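Those sequence lines, one after another, are chains A and B.
Under our numbering, the residues of the first sequence are numbered 1 to 112, in order.
Under our numbering, the residues of the second sequence are numbered 1 to 111, in order.
Mixed in with the good hints there might be a few duds.
[What the hints assert, rightly or not] Some chain B residues judged to face chain A by a derived CB distance under 10 angstroms, without partners named:
1) Val28
2) Gln33
3) Gly52
4) Gly53
5) Lys57
6) Thr77
7) Ala78
8) Pro81
9) Gly82
10) Gly85
11) Glu92
12) Phe94
13) Thr103
[Said to hold, decoys possible] In silico SDA-like cross-links for lysine to any residue, where the CA-CA straight-line distance does not exceed 25 angstroms:
14) B/Lys59 / A/Lys24
15) A/Lys24 / B/Arg36
16) B/Lys98 / A/Asn50
FYI, nobody ran anything at the bench for these hints, they're computed from the structure.
Since this is a predicted model, take the numbers as computed values, not measurements.
For glycine and all other residues, C-beta sits at the position ideal for the given N, C-alpha and C.
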Amino acid sequence: DAGVIQSPRHEVTEMGQEVTLRCKPISGHDYLFWYRQTMMRGLELLIYFNNNVPIDDSGMPEDRFSAKMPNASFSTLKIQPSEPRDSAVYFCASSLAARPQHFGDGTRLSIL
Amino acid sequence: TQLLEQSPQFLSIQEGENLTVYCNSSSVFSSLQWYRQEPGEGPVLLVTVVTGGEVKKLKRLTFQFGDARKDSSLHITAAQPGDTGLYLCAGESFGNEKLTFGTGTRLTIIP
């Protein structure tokens with residue numbers, strides 16, 4: 001079975017550009033989570049959805065970040081405008097009934 | 001804010017040795033999970049402990065949930081190079097689907 005699929009795997013862009021990260025959860029899963037991982041702060045939850053509805057976005061750092069889940073098989077995390085401090089590895093995870101979470105392999109984002 | 005502190009932060013030992021990694025918090029959790037993450041990949045769930053005092057074994061790995069549900073430990077017997085990776089504990093709060101991840105322990109097993 002296919003796991004959580006994230007794209008792109010790597011993204012390098014200049015400060016000020018819009019960045020869109022994509023995630024395809026495991027089919028049938030009803031929860032989707034977006035995380036950010038850095039050496040300094042570890043793995044932080046940004047936002048999560050249940051049945052395509054955002055439940056908690058308290059981890060979203062600021063208004064430059066937005067996330068959508070238009071249907072059960074697709075979600076996006078957008079940063080506009082991007083800043084160098086947004087550089088991190090971004091993970092998407094999905095689960096059935098919230099546990100356990102299955103993680104994708106992440107998108108390594110570098111903002112120059 | 002719930003915090004999960006892991007210790008040690010880094011650990012490098014010889015193949016065949018035993019080791020213990022700790023995960024501590026001042027908060028109570030409904031369950032605690034342990035993940036292992038390898039470079040370029042996402043975390044992979046190893047085990048979930050739910051009951052205070054619970055002990056679970058996964059081959060050479062032994063996981064324990066503290067009686068007060070605030071802490072956990074991971075013990076590895078006869079470590080092997082394949083055990084190398086970043087170990088993360090994660091606590092689940094009561095009535096909340098969110099996970100709070102620990103600070104991580106980066107383990108290196110030297111052949």
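Hint check:
1. Val28: violated, 17 angstroms
2. Gln33: holds, 7 angstroms
3. Gly52: At 18 angstroms from the nearest chain A Cβ, B/Gly52 fails the 10 angstroms test, so the hint is violated.
4. Gly53: Since the shortest Cβ distance to chain A is 20 angstroms, the answer is violated.
5. Lys57: violated, 18 angstroms
6. Thr77: violated, 24 angstroms
7. Ala78: With a minimum Cβ separation of about 27 angstroms from chain A (threshold 10 angstroms), the hint on B/Ala78 is violated.
8. Pro81: violated, 22 angstroms
9. Gly82: violated, 19 angstroms
10. Gly85: Where the cut-off is 10 angstroms and the nearest Cβ of chain A is about 14 angstroms from B/Gly85, the hint is violated.
11. Glu92: holds, 7 angstroms
12. Phe94: violated, 13 angstroms
13. Thr103: The hint holds - B/Thr103 has a Cβ within 10 angstroms of chain A, the shortest such distance being about 5 angstroms.
14. B/Lys59 / A/Lys24: Violated, at roughly 32 angstroms.
15. A/Lys24 / B/Arg36: holds, 22 angstroms
16. B/Lys98 / A/Asn50: OK: B/Lys98 and A/Asn50 at ~12 angstroms, within 25 angstroms.
Hint violations for this structure: numbers 1, 3, 4, 5, 6, 7, 8, 9, 10, 12, 14, all remaining hints satisfied.
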